[in-house]
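A.B. asks: Protein chains in written order, with my numbering: chain P, 826 to 1166; chain E, 46 to 274; chain F, 13 to 300.
Just so you know, these hints were derived from the structure itself, not from any lab. Glycine included, C-beta positions come from ideal geometry on N, C-alpha and C. Hints are not guaranteed to be accurate.
Stated by the list, open to error - Computed cross-link-like contacts, SDA-like style, restricted to lysine to any residue with a CA-CA straight-line distance of at most 20 Å:
(1) Lys169/F with Tyr265/F
(2) Lys169/F with Ala147/E
(3) Lys242/E with Thr218/E
(4) Lys242/E with Gly224/E
(5) Lys169/F with Leu167/E
(6) Lys169/F with Gly172/E
(7) Lys242/E with Asp263/E
(8) Lys169/F with Ser137/E
(9) Lys169/F with Val152/F
(10) Lys242/E with Ala135/E
(11) Lys169/F with Arg139/E
(12) Lys169/F with Thr143/E
(13) Lys242/E with Glu48/E
(14) Lys242/E with Gly203/E
(15) Lys242/E with Thr68/E
(16) Lys169/F with Arg93/F
(17) Lys242/E with Arg221/E
(18) Lys169/F with Pro135/F
(19) Lys64/F with Thr134/F
(20) Lys242/E with Gln205/E
(21) Lys64/F with Leu219/F
(22) Lys169/F with Leu159/F
(23) Lys169/F with Arg169/E
(24) Lys169/F with Ser66/E
(25) Lys169/F with Lys242/E
(26) Lys242/E with Ser193/E
(27) Lys242/E with His262/E
(28) Lys242/E with Gly70/E
(29) Lys169/F with Ala135/E
(30) Lys242/E with Gln71/E
(31) Lys64/F with Leu159/F
(32) Lys64/F with Pro135/F
(33) Lys169/F with Ala173/E
What the hints assert, rightly or not - Simulated DEER-style distance windows between Cβ atoms:
(34) Ser262/F with Thr912/P: 20 to 30 Å
(35) Ser262/F with Gly969/P: 30 to 40 Å
(36) Met123/F with Gly1020/P: 41 to 51 Å
As the list claims (entries may be wrong) - Sample of chain F residues lacking proximity to chain E, with all beta carbon distances greater than 10 Å (derived):
(37) Val74
(38) Gly145
(39) Val175
(40) Leu176
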Amino acid sequence: MPQTFAPRHAGTLATSVLILGAAVVLPQTLGLFTLLQLTVYAVMAILALSLSITWGLGGVLCFGQAAFFGLGGYTYAVAVTNFGESTLPILLAVLVQALVALCLGWFMFMGRLSDLYVGVVTLCTSLILFNFANSTSDPWYRIGSAALNGFNGMPAIRGINIPFLPGALLSPVQSFVLTMLALLAVYLLCKTIAGSSWGRVVAATRQNPLRAELMGYDTARVKLGIFVIGSAVAGFAGCLFVNWNGFVSPDVFGLSMSAQIMIWMIVGGRETFVGPIVGAFALQALVSRLGVGSEINANVVLGGLLMIFVVLVPRGILPTVRDGLLSLGRKWGPGKTREVN
Amino acid sequence: MLEVQALHSGYGRIPILNGVSLTLGQSEILGVLGHNGAGKTTLMRAIAGFLPATQGRIAMEGRDLTAAAPFQRANAGLGYVPQGRQIFPALSVRENLTVAAARSGRSVDEILALFPRVARLLDRPGGALSGGEQQLLALARCLCTGPSVMLLDEPTEGIQPSIIDEIIETLQTINREQGVSILLVEQNLECLAALSKRILLLDRGTIVESIEGQAVHDEARLASLMMKA
Amino acid sequence: MDLVLILTLQGVVAIATILLFSIGLAIIFGMMRVINLAHGEFMMIGAYGAVKSHEAGLNLWVAMLVVAPLVAALFGLVVERVLIRHLYGRLIDTLLATWGLSLFTVGVVTMIFGNTTSGVPTPLGTLRIGDYGLGQYNLVIVGVTLLVLALVALVLKRTSAGVLARATMQNPEMIAALGYNPRRIYAATFAIGSGLAGLAGGLLAPLTGVIPAMGVAFVAKAFITVISGGAAVILGTGTAAAIYGVISQSVTYVSTSVIGEASLFLAAIILLRLLPNGFAGRFFKGGV
């Protein structure tokens, strides 16, 4: 695999400006319904980025990213119901997931589990949570004043308010802007990590763990670190999701949730950070289009795309298109050749 | 028997063989000598079909095999004993042989007559044999497929001297009694000299010298050629 | 006393069920290093094969024991040819692509048959032990599972096809050098594994009901059982099934079935940590 995630400042800047521009301009031009849809797409783009950190950058095959997403959602829901204010709950959604990932990751990486086993363990974790959350219908299952409600889910969850002002709940438009800014922040976080010297150690560990180990890096610790960061970001996405939805149910832990995240990543391009964002937006738009008065089942499209991309375009749209353009540029453009990755 | 013309091959885009040509005659034992990295194993794998030929031609008895899959080449009579023997470790010695003989219909017992040492180990798992025993088993297994040409990739590598002599004798018998032609890649000069009447020197992916007649026994000269190459 | 007997029987049934729906996956994984996350959908296709052919008037037993595996095996042949063939040696990609296949198949079957439950009547009556009862059909499942296991073991151990299969498992390149086409062997293996998944789907149809998404309930458990089992198809998978069956059944007895299932996954996490190469890597090196 070629060296990937190389910092390309021009590209990063362009993407940042694009996200920021959308956050500012779109509320003026689009209707509320479209904005609401775009909000959840952006939340899922953050979720896709979280797997980009864990799997794309860190090479940790996490089949249970939904576990951290869902737990983030539940953490926020329980906390905000108890506190009646959203600042601390948001922090908790992130911190609790980092802590959970630290414990689980310690167990997995210090035990030197192979990639496949890490996949199985993370999958099991999300299934346990799914099963557990489904079995909490009994009113006995409550944390403080928040009843978990089993498979019925927790309804009417407070949204995010302006920090420390419980009365100032964000409007849907403000939520959209907040989510877009969060997406920008997470994107820049990804870029910063990948461009840092630690990020290069992470990439080295992904590409050749043995060699990285022989160079004196503790690969287990490196993987643990990237796993914790990715999971914390997933928890953050979960919290934003519940803010958008006002509702959380065990479905957030489901297999199809984890599958979707992988599909966005693979279709967009798992070697980049823009790819998963594009994948998340494009595929959700496609699925919601299909949902309206169509005979075609969304699963057929998603599953079909996943198969096609794994077999025919394993690098995903963005890297393939980019390299295609670059090689065209080399062919037709002026003499200066640019190093591809 | 086996004809290789201007063969190019390599791993991915990295070329290893740059136009190797050789002809293996009926019942001939042809040696190929080269130091590490000269392309010996690549040559064997390309002839056996596990590496695609990017250019050139491979033919057996006039039949073009350049594009054939490994199993088709095996069925055309090309036997391959790879480096490191590649015994099926969890199969018994007998099963290692029967799986090879099932296709050709050759009698395992007949072949075992040539390998008394292997015949005593039939019920042991292949992985429990010593390196030398495994090498003998690999030769016997290859013979079970009924080949007319055998490709041997360093059959004496890492094997104790007493068994090396046994391997050399066995190969001579196979060659003499069954008329099997052998293409032998080696770094062991003694083994090469004992078996082949003709030795090709392989360096950086091409044949740079052909040694024939008495010269094959001049180990000092072979060694210096290999060093220079 | 009756209670002990019935609990033991239930445990045996639980183990047999896990084994039944894992064995096909175990064969495919053990031999080809391909993990088929669409395994549950192969079961679902078998189940639909059984249901639809029974509705069309076929004898229920024939539908479950013959049609279900055949339909799934044919489906497997097509899938191997179109999809899996491109992915040999890329373990993680097989996982992803078959995950896609799983979604795709569920979607297509939903479009054809709708998202409704089709049922098959549970044949046979109830076995009474004192105050307790156990469906006699459960015992049929145990019987068929034992038969399948015995057959697989016999084929692998005693027939030349089995020796060939085990040899391919250990070194596919060498098998090609001996004149066999590994692709044909893989295609056959995949079809057999798929057929066994279909058989499991057909046999379990009366107990679970048949809906397009029914596979989801099995795939994770089968996946975990097979990975925990490691490379030994029968001994490894058998041990894993036994441990998970006993654990989930006992926990179910003292709490609920949902918690029982969760305990199975928890046990898997702990087991994988203790045995990073599965049971086969630790106890049955080179066994089948």
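A.B. asks: Each hint should be assessed against the structure and marked as holding or not.
C.D. replies: Hint-by-hint comparison with the structure:
1. About 38 Å separates the Cα atoms of Lys169/F and Tyr265/F, which puts this hinted pair outside 20 Å; it is violated.
2. Between Lys169/F and Ala147/E, the direct Cα distance comes to roughly 16 Å. Compliance with the 20 Å bound is thereby established for this hinted pair.
3. Between Lys242/E and Thr218/E the CA atoms are separated by roughly 15 Å; this keeps the pair inside 20 Å, and the hint holds.
4. Annotation: proposed proximity of Lys242/E to Gly224/E holds, straight-line Cα distance about 15 Å (limit 20 Å).
5. Distance restraint check for Lys169/F and Leu167/E: the Cα-Cα separation of roughly 16 Å lies within the 20 Å cut-off, and the hinted pair is therefore satisfied.
6. Distance check on the hinted pair: Lys169/F and Gly172/E sit about 17 Å apart at the alpha-carbon level, within 20 Å; holds.
7. Taking the CA atoms of Lys242/E and Asp263/E, the gap is about 12 Å. The hint holds against a cut of 20 Å.
8. For a cut-off of 20 Å, the pair hint linking Lys169/F to Ser137/E stands: about 11 Å separates their Cα positions.
9. About 25 Å separates the Cα atoms of Lys169/F and Val152/F, which puts this hinted pair outside 20 Å; it is violated.
10. The hinted pair formed by Lys242/E and Ala135/E fails the criterion: a straight-line CA distance of about 38 Å is larger than 20 Å.
11. Pair hint Lys169/F plus Arg139/E holds up; C-alpha atoms about 13 Å apart against a cutoff of 20 Å.
12. As the CA atoms of Lys169/F and Thr143/E are separated by approximately 13 Å, the hinted pair is consistent with the 20 Å bound.
13. A hinted pair counts as satisfied when its Cα atoms are at most 20 Å apart, and Lys242/E with Glu48/E qualifies at roughly 18 Å.
14. Distance check on the hinted pair: Lys242/E and Gly203/E sit about 24 Å apart at the alpha-carbon level, beyond 20 Å; violated.
15. Under the criterion of a C-alpha separation no larger than 20 Å, the hint pairing Lys242/E with Thr68/E is consistent with the structure, at around 13 Å.
16. With a C-alpha separation of about 28 Å, the suggested pairing of Lys169/F with Arg93/F is violated against the 20 Å cut-off.
17. With a C-alpha separation of about 14 Å, the suggested pairing of Lys242/E with Arg221/E holds against the 20 Å cut-off.
18. Annotation: proposed proximity of Lys169/F to Pro135/F is violated, straight-line Cα distance about 34 Å (limit 20 Å).
19. A C-alpha spacing of about 15 Å is found between Lys64/F and Thr134/F, which places the hinted pair at or below 20 Å, so the restraint holds.
20. Straight-line distance between C-alpha atoms of Lys242/E and Gln205/E comes to about 24 Å, which puts the hinted pair past the 20 Å bound.
21. For the hint pairing Lys64/F with Leu219/F, the CA-to-CA distance comes to about 16 Å; that is within 20 Å, so the pair holds.
22. Restraint check: the Cα-Cα separation between Lys169/F and Leu159/F comes to about 15 Å, which is no more than 20 Å; the hinted pair holds.
23. Of the pairs offered as hints, the one joining Lys169/F and Arg169/E holds, with about 15 Å between alpha carbons and a cut-off of 20 Å not exceeded.
24. With a C-alpha separation of about 45 Å, the suggested pair Lys169/F and Ser66/E falls outside the 20 Å cut-off, and the hint is violated.
25. Proposed proximity of Lys169/F and Lys242/E is contradicted: the alpha carbons are some 45 Å apart, above 20 Å.
26. Between Lys242/E and Ser193/E the CA atoms are separated by roughly 18 Å; this keeps the pair inside 20 Å, and the hint holds.
27. A C-alpha spacing of about 9 Å is found between Lys242/E and His262/E, which places the hinted pair at or below 20 Å, so the restraint holds.
28. For the given pair, Lys242/E sits about 11 Å from Gly70/E by alpha-carbon distance, which is consistent with the 20 Å threshold.
29. Distance hint between Lys169/F and Ala135/E is fulfilled; the C-alpha atoms sit about 12 Å from each other, no more than 20 Å.
30. Among the hinted pairs, Lys242/E with Gln71/E is consistent with the structure: their alpha-carbon atoms are about 13 Å apart, no more than 20 Å.
31. Restraint check for Lys64/F and Leu159/F: the C-alpha separation of about 25 Å exceeds 20 Å, so the hint is violated.
32. Among the hinted pairs, Lys64/F with Pro135/F is consistent with the structure: their alpha-carbon atoms are about 16 Å apart, no more than 20 Å.
33. Taken as a hint, the Lys169/F and Ala173/E pair is honoured in the structure, with Cα atoms around 19 Å apart against an allowance of 20 Å.
34. Separated by about 45 Å at the C-beta atoms, Ser262/F and Thr912/P break the suggested range of 20 to 30 Å.
35. Ser262/F and Gly969/P have their C-beta atoms about 33 Å apart, which keeps the hinted 30 to 40 Å range intact.
36. With their beta carbons about 46 Å apart, Met123/F and Gly1020/P fall inside the hinted range of 41 to 51 Å.
37. Remark: the non-interface label on Val74/F is consistent with the geometry, its nearest Cβ contact in chain E lying 34 Å away (cut-off 10 Å).
38. Once the 10 Å rule is applied to beta carbons, Gly145/F is consistent with being away from chain E; the minimum gap is 45 Å.
39. With a least beta-carbon separation of about 5 Å from chain E, Val175/F fails to lie farther than 10 Å from that chain, contradicting its non-interface assignment.
40. With 10 Å as the threshold on Cβ separation, the claim that Leu176/F sits away from chain E is violated: the shortest Cβ distance comes to roughly 6 Å.
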